[in-house]
Structure formats: C-alpha cells, structure tokens
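*Asks:* The listed protein sequences correspond, in order, to chains A and B.
Taking UniProt numbering, the leading residue of the first sequence gets 1, the next gets one more, and so forth.
Taking UniProt numbering, the leading residue of the second sequence gets 1, the next gets one more, and so forth.
A portion of the hints provided could be inaccurate.
Since the list gives no way to pick one copy over another, a pair counts as held whenever it fits inside one copy or between any two copies.
Said to hold, decoys possible - Calculated pairs, DMTMM-like style, for lysine to aspartate or glutamate (alpha carbon to alpha carbon, straight line, at most 20 Å):
1. 80 with 121
2. 113 with 463
3. 80 with 482
4. 466 with 110
5. 80 with 59
6. 296 with 73
7. 189 with 418
8. 80 with 222
9. 466 with 138
10. 312 with 146
11. 312 with 467
12. 312 with 458
13. 189 with 511
14. 466 with 489
15. 492 with 511
16. 76 with 440
17. 312 with 450
No lab work stands behind these hints, which were simulated from the structure alone.
There are 2 protein chains.
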Amino acid sequence: MTDQAIAPTRSGGRAARRAMRQATDISMLPGIHNKIPTCEIMTGSQVERIDAASMDILENVGVVFRDDIALADWRKAGAKVVGERVYLDRGLVRGLIATIPARFTYLARDPNKSLALGGRDAMFVPMTGAPYLRDLDDIRRNPTLDDLAMFHKLAHMMPALHSSAHHIVEPYDHPISQRHLRITYSSMKYSDKTFMGMTTSPKNAEDVIDMCRILFGSDTVEGHPVVTGNCNGNSPLVWDETMLGAMRAFCRANQPVLCSPFVLGGANTPASVAASVAQLNAEALSALAYTQVIRKGCPAIYGHYLSSVSMKSGAPMAGTPEISLMNFMIGQMARHYDVPWRTSNTLGGAKTFDAQAGYESATTLSSVMHAGANYIWHSAGWNEAGMHCSVAKFIVDAEQCAMAHRMAQGPNFDDFDEALAAVPDVGPGGHYLGHPHTQDNFQTAFFMPELFDNNSIEQWQADGAKEITERALIHARKLLSEYQEPHLDLAKDEELRAYISRRETEIPASDELNQSY
Amino acid sequence: MTDQAIAPTRSGGRAARRAMRQATDISMLPGIHNKIPTCEIMTGSQVERIDAASMDILENVGVVFRDDIALADWRKAGAKVVGERVYLDRGLVRGLIATIPARFTYLARDPNKSLALGGRDAMFVPMTGAPYLRDLDDIRRNPTLDDLAMFHKLAHMMPALHSSAHHIVEPYDHPISQRHLRITYSSMKYSDKTFMGMTTSPKNAEDVIDMCRILFGSDTVEGHPVVTGNCNGNSPLVWDETMLGAMRAFCRANQPVLCSPFVLGGANTPASVAASVAQLNAEALSALAYTQVIRKGCPAIYGHYLSSVSMKSGAPMAGTPEISLMNFMIGQMARHYDVPWRTSNTLGGAKTFDAQAGYESATTLSSVMHAGANYIWHSAGWNEAGMHCSVAKFIVDAEQCAMAHRMAQGPNFDDFDEALAAVPDVGPGGHYLGHPHTQDNFQTAFFMPELFDNNSIEQWQADGAKEITERALIHARKLLSEYQEPHLDLAKDEELRAYISRRETEIPASDELNQSY
Chain A
1 MTDQAIAPTR SGGRAARRAM RQATDISMLP GIHNKIPTCE IMTGSQVERI DAASMDILEN
61 VGVVFRDDIA LADWRKAGAK VVGERVYLDR GLVRGLIATI PARFTYLARD PNKSLALGGR
121 DAMFVPMTGA PYLRDLDDIR RNPTLDDLAM FHKLAHMMPA LHSSAHHIVE PYDHPISQRH
181 LRITYSSMKY SDKTFMGMTT SPKNAEDVID MCRILFGSDT VEGHPVVTGN CNGNSPLVWD
241 ETMLGAMRAF CRANQPVLCS PFVLGGANTP ASVAASVAQL NAEALSALAY TQVIRKGCPA
301 IYGHYLSSVS MKSGAPMAGT PEISLMNFMI GQMARHYDVP WRTSNTLGGA KTFDAQAGYE
361 SATTLSSVMH AGANYIWHSA GWNEAGMHCS VAKFIVDAEQ CAMAHRMAQG PNFDDFDEAL
421 AAVPDVGPGG HYLGHPHTQD NFQTAFFMPE LFDNNSIEQW QADGAKEITE RALIHARKLL
481 SEYQEPHLDL AKDEELRAYI SRRETEIPAS DELNQSY
Chain B
1 MTDQAIAPTR SGGRAARRAM RQATDISMLP GIHNKIPTCE IMTGSQVERI DAASMDILEN
61 VGVVFRDDIA LADWRKAGAK VVGERVYLDR GLVRGLIATI PARFTYLARD PNKSLALGGR
121 DAMFVPMTGA PYLRDLDDIR RNPTLDDLAM FHKLAHMMPA LHSSAHHIVE PYDHPISQRH
181 LRITYSSMKY SDKTFMGMTT SPKNAEDVID MCRILFGSDT VEGHPVVTGN CNGNSPLVWD
241 ETMLGAMRAF CRANQPVLCS PFVLGGANTP ASVAASVAQL NAEALSALAY TQVIRKGCPA
301 IYGHYLSSVS MKSGAPMAGT PEISLMNFMI GQMARHYDVP WRTSNTLGGA KTFDAQAGYE
361 SATTLSSVMH AGANYIWHSA GWNEAGMHCS VAKFIVDAEQ CAMAHRMAQG PNFDDFDEAL
421 AAVPDVGPGG HYLGHPHTQD NFQTAFFMPE LFDNNSIEQW QADGAKEITE RALIHARKLL
481 SEYQEPHLDL AKDEELRAYI SRRETEIPAS DELNQSY
C-alpha cells in the first residue's frame, strides 16, 4: 500500500472532522432566565392608577362578548350582562385571575426542550401569520406548505428560538378549511421544540388539541401545557365568537391561551400612552378572567398585539418610543397580577430588509428584554407590518435573540479573580491575546455574531461585498442543507396522518386558496 | 380687479403658509432628562468588588504616565512613582475624584442651547473622527472642509443632536498641522450648539481654548464649561504625552475632559466582562484623579471607547451583549463615584447602511439609555467601525435619538383622566380617530418617524420603492437647502479668523494631507 493509497482514508477522517467542526451548532439554548432588572417605568401609585382605571372600565363601560355561550357563562359566574355587554365587578375579576398559575412548564416533544415560563423565565417564538414570504432568493411571493416546512426547519435549527410556532407563513397551496391540520402537522414533524396551535375556529382548535393528544398522549395533555393558542380581542373592548370558541377549546383541555387585545394605539385606544395601557389592561383582564370561568386553574397568558398608528397614513408603527414605554408598563401590570406575559418582538413596517428593519427590530428586542416579557412572540422574520416573513431576517433576528439571551444572563463573576490575575501578568502596555486565560476563555467571554460582518472594507470587498441580506440567505441555505429531521415515533406519525386524512374527508375543501386567515 | 387678479396674492399667502408648514422644524430638543430607571445589573456587592479590584490594580500594578510633567505632578501629589509607572493609593484616588463636580452646565453659543450634564441629565453628540464619508450620493470618499461644514450644518438642524462636535469627518484638503483651527472654526460657525475641542496635541488644545476665549470671552471660559476634549488612554494602563498635555490645557482652563480608556475587550483587557470593567475603571479613575491634580474642582467626565474583539478576524465588534452589559456596569461605577459619564452610541462595523447597521445602532442606543449615560457620543453617522460617517445614517441616527429622547420622558399621566374619559364616549367596538381628545392629542401622543416608511407596499412602490438610505439622503438634501447660518457676532467672527490667519503663519503647513489624526 502506498502513501497515496491510504491518503483518501486519512483525508476522509480529517474531512469528516472538519465537516463536523464546520457544521453549525443547532443545540437549542435553554429557556431565557432573565437577570436584567425589569424596567419599572411607573411608580407603584401609577400602577395602582392603571389598575383602578381598568377596573372602572370593566365595571362601568363593560366588555362585549359576541358569543351566547360566553354570555351564559358570565351570567352563571355572577356578572351583570346586558345584551352582549358584560359588566365585570373588580372583586369578581380579581377572584378569577387569582387562580391563573404564575408559572408553568411548557412541554416540548423533546423533553429536553421543555421550558419554564413565567416570573423571570421566558422564551423566543418566531413570527406567524404572514401572507407573503421573502424567499431564499429574497423574492416576495405567496407561500406554500413547503415554504412553511422550511421555516419550521429553520426554527428547529436556530438555537435561540424555543418554538416552531404554527403558520409562520400562510400555505396557500392547501384549502383554507383544512389548512390548520397541515400546519399543525408541519410544526410537529419538522421540529421537536414547543409549538403553537391554530385558533381560527373552535373546531380547528379542537383538531389541534386532538392532534396534541396523539403526539403527547391524552393524560399528558390533560396535566400539562403542550400547546399555546392566541386569541385576539377587537379593541376597544370586544371579544368575538370565533376567538371565544377557540379559547374554550384550549382552556377546557387545560392549554394556555394568549389573551391578546389587538391594539392600534390612537385608532382603537385613546391618544394617550397611559390611557391606552389602561384600556388594553381591562381587555386582557376580561379575557384572562374568562379563561378561569371556563376552567378554574387553567394556565393563561396576559397578551397583546401593540402598535401605534401614523396620523399621516393610518399605518401601524413599531419601534417607536411609545411602544417601548407601553411594553415597560404592560410588563409591570402583568407582574402586578402575577400572570405570565406575552408581547411581540420584531414588529416593523420596512418593505425590505433594510436599516429600518434593523432599527425597529433591535429597538423592540431591547425593550422587551428590559420589560421582562415571558412569551416573546414574533421574534424572527417579521417585516412589512407582518405582511411578509423574510428568510434573511428570520435568520438574523434569531441570532439577535441569541445575543439577547446572552445579555439576559448578566455579567459572569465566576472567574473574576482568575481573569483579574491576568492584569499584573500583562501589565501596562502589554496585550492579552497570548495570555493563557484569554486563550482559554475568549470563545465564551465575548459573543461573536455570525451574521454581522466586522471585517475591514478591503476584506469585505474581497469576500464579495455582501450586505447582510445576502449573507443571511447563504447561511439559511447552509442550514437547510444540514437539516436533519428529528425522529418522530412512527406509530404516532401514522396516527397523526390518519387523523388528518379522516378530517380532510369530513371537512369540505374550501375553494379559497389565495387567502389568509 | 377680477378674482383672477387677486388670486396670486391669496395663493402666495397660502403658499407661504404651506412652505412654513413644510419647512422642517429644527428647534433643538432640550437636554435629555432621563426618567428611565437605570439598569442596575450588578448588585451593590458586585459594584464593591469592581471598585476594590480597580483600586488593587492602581495600587499594585500601577499606571504608566509617559509624560515627565505628569510624573512630576504625581510625585508632588504624593503618589509612588517608579520610572514611568505611578502607583496610586486608593485613599489618594478617592480624595482626588471627590472634587470632580457631579454635574455642571455646558454652555452653548446660543444660551438657550446650553445643557445640564450629570445625574439624570444627558446629551447626544454626533460621531467624530471619520477618515471617510459616505456622501449625499452614498459615495465613499475622503472628506473635505466643505463636507465637514455640511455635517456641522446637519448637526445644527437635527433636533435631538445637542452638539456639533468637532471633526465629524477629517478634512483632508487642509494641512494636518493647521487642521484643528479650521475644524474648531467650522464647529463654532455653522452651529450655535455646544461643540468639542481638538486634543491632537497640547498646542492644538491651547489654540482651541484661545478660540473659545474669543467666542465666549475669557471670564466666561474661566468660570464655565464651554468645550469638551477627549483624551484616550492606551489600554492596558497607559496614558501618553500627547493626551496628557492636551488634558492639562483643558483642565487648566477649567474645561471638562472625557477621560476615555480605549478598550478592545479581550485584546487589551482580560477575556472577561467583569475583569475588563475593573481594568477600564482603574484606567478612567487614574485620569480622572489626574484632572484634579492639574486643577482641583475642574469638571471632568468618566469616559471610554469600548468594543470587543472578534477572535475570527481581530476586528472590533459592537452591538454585542457584552457591550450592553459593560455599559450597564460602567454606568453603575460612574454613579458610584458620582461623576458624569461619557459612552459611545452607534458603534458598529457594517460597510453600508444595511440592516446590520440598524441592529447595531439601535441595540447600543437602547442600552446606553437604560444604562443612564450622560455624554452620549458618536450618536449619529458612525459606520464601518468609525472608518466612515454616512450622511444617510447621520440623519436616521439623529431621528432615533429623538425617539430615545421621547422614551426618556417616560409615560405622561398629566391628561390621564381626560384621555380615559374618551373610553366610555367611544365604547366597545367604536373608534377613536374622530373623538375630540384624539384630534387634539394625536400629534403629540405618538411619535411619527419621518424616516421610517410604514405605508403599504403598494403605496411604497408608488412612491418609488425607496429604501431608507435613499429616503434619508433626500431628507438631508432638503435640510441643507433650508439651512440658515446662525448669526455670529461679526467682530468675534473677524477675531476668530484673524487668530486662525496668525496661527497659520506661525504653524508650518505640514505636507501630509491625506492622513487622519
């Protein structure tokens, strides 16, 4: 055997090791345990003023529940009901929300990826609901089930994303009436992280719960949160039948609902930050209270969608100072009631992944970290006021989340004395790069973003003068080429697919394809 | 006279009113009074640990002062001096820094633009020192005195910028040996806000002080801060002759110096956030103490330049979690010593004004606001690790500062009850846009960014599908077309120009043009 002959083997070994080194580390980061002090922008008495104003609204203005079952439930619970309007006494509200768990564990298919939620424990969840995507070529177009699967794969692979969410993009190639089944399956199949469930109708929500029972087992679902559902209110002060029905499906199954007033500050709230928060707080409390009417002790999450409206165009705005302030304030209210809190992360209105998108996203990410949010939704991909999910932005946002995750750990003092010992070693005018402590700790001491380019302009030009969009899309393609589907028990997979087949024969395929929920 | 004949007059009046409405409001915002709770990321005992570690460094490792006058000063002040190394006893250091004013008023040429600094009072200062600009056509090239004047005009016109700084860009069309005179004149002439003074040599610093005496009068300069100078340390633990000489020129004239260790975390500090802060803190304290040796009671500012270094390329990184954490921590240390604190704002390494630049800038801006910084330098234009100042980014960063300025005011509860009264008026399912409270308050209740586009994609396409760089450059051109030079007393102007003429005959014109300081 010649040297030449054995070369392939040796080189194969080296190549394999190199490939392993070069393969991206996709290990999910643990849930965020946020050590950043919460930004208490309001005094205690201002918190009390918001609380009192919200309770006044609930007692004297009331909340409309456009749903006969809910109205009957409220009557039975002791509320005053006039027509569709429910007047909620503050004692009743406080009594009801008191049974919402302050924290819970949110199970993932891979038990190592289950998460604590509530208190200082938090998670990043990618955006959902985009009727368009900007794809791997940065082309804006309607999405398909394959595109949705791609985003679920990327969510699976980005370490700081703790969930595959649900309809990150709307799969237009499947009938809308059956779409929830395929979306849920895609979330379950391509990732083993936590996920969300569709709430587009009470029946759809029940399908999601049924599929969760297949995936996790009925006993597990009954005893543990395994899926979250979002229910939007119609501000001001209205909850509709679809949302309330879906809420009942989730609560009855002991699954947490995000009780999310949909606020366009100034359009459906007063033109005042503090008064907008008071109204939003009343709306969230009314739904949180209803979750406990449905099932006492069921987990529930204080939520909202929050933007302010441009007087120039009527368009929603994000990344503005009022959004940051309202996040700080709403965080204080949720803590006041000791209920886990959902907010939104990268909301913004840029049409491309330009600097506007960067400013909006980073401003919001910083604010929600200081605000102490728990369920940090829309954490990757959101652009154009939610009209599209951008693959490039998805990747970069997710890395930004990893950076925020690091920040949330606070400074490390564990090796403080050891690190300080390097100072006299090196002395005035020296340098640390060669010092053993530096060599041992550099990789972990300072975060090195993959998607920021910090090279000289000459190096950057030599590398092809790529702006961040192009670099991110290259990284996304690399990730997808390395994707490995997490093992799903074959029997469960078959049962899920059988369930979908059965339901798709039961549910008439609607004609509408090119339509989003 | 026919209706037609009078039309031009009437229409002229309307046109004038419209023009007035359309002219950009350039009124400077008042200094920031930051109501955001400071982010106390360290416990009290961690603050004590950093303090103790810094004092240990000062006592046992010492600091090199490469300057005979400083060494003699230190000997006289009672420090142990061995060669160039000064060992500073903690009692001596604490005694010296105790006389630094915790806050002062920084005078501007227009007294209405003078600023409080220290405590919760803060200011935004544009970037300085760029050897390149990206100009009004986004072309990257070497700057001239005209380009510098353009940036001083823009700084004058952007409401949230509180200073015209000094050499925002390096004017390469004037000999380096005489450049400081033209830079100082440009700062003074094209804006009546506060400005900075060159510290590129002791003599240059004295020229700046002389020009300030002409502009403000000698008595005013003696009694009040009118100019800030930045002195960088060479980490680890070295101060050089140029910086120390310039420091003496400023301190003797009772003008505040930013005492700024130049930290590349991991390269010239240990690979540890906490230990890096301890070393930086020791360095800043050593210079702050020296300002009081030079002139007891002279104002001084705790400063730093701070980035971490990529192990992949050796390049400085910004917008990273460690930079945010170090900002929080250094803010705590500056408050511990009760000294005003300078940090940097929009540091970052993007080569163009792409999303990377947006993320980096917004992350840093948020962090320094939560950190409670006072003198917030490099707040507009910085890109490519400071290698270029971008006109487009300058404008957008300045608007971001205006948004942060608004956030720092906290929520307004003044009209809370009045705003709440709209809730029963509108009721469930209604809308607020037509309500009188909304009409009266919308413009002020929610910030509407000029440079973010929140329109629909259809409207955006109809408007020419402009990304933020293009929109910002259009806005910059509009501003410059509206620029009006603030009145400068003719006699003072002549005296300043005579001073420059005289000094330019005294100082040999160096050959070097294409070189930055």
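*Asks:* Could you work out which of the previously given hints the structure breaks and list their numbers from low to high?
*Replies:* Hints 1, 2, 3, 4, 7, 8, 10, 13, 14, 15, 16 contradicted; others consistent.
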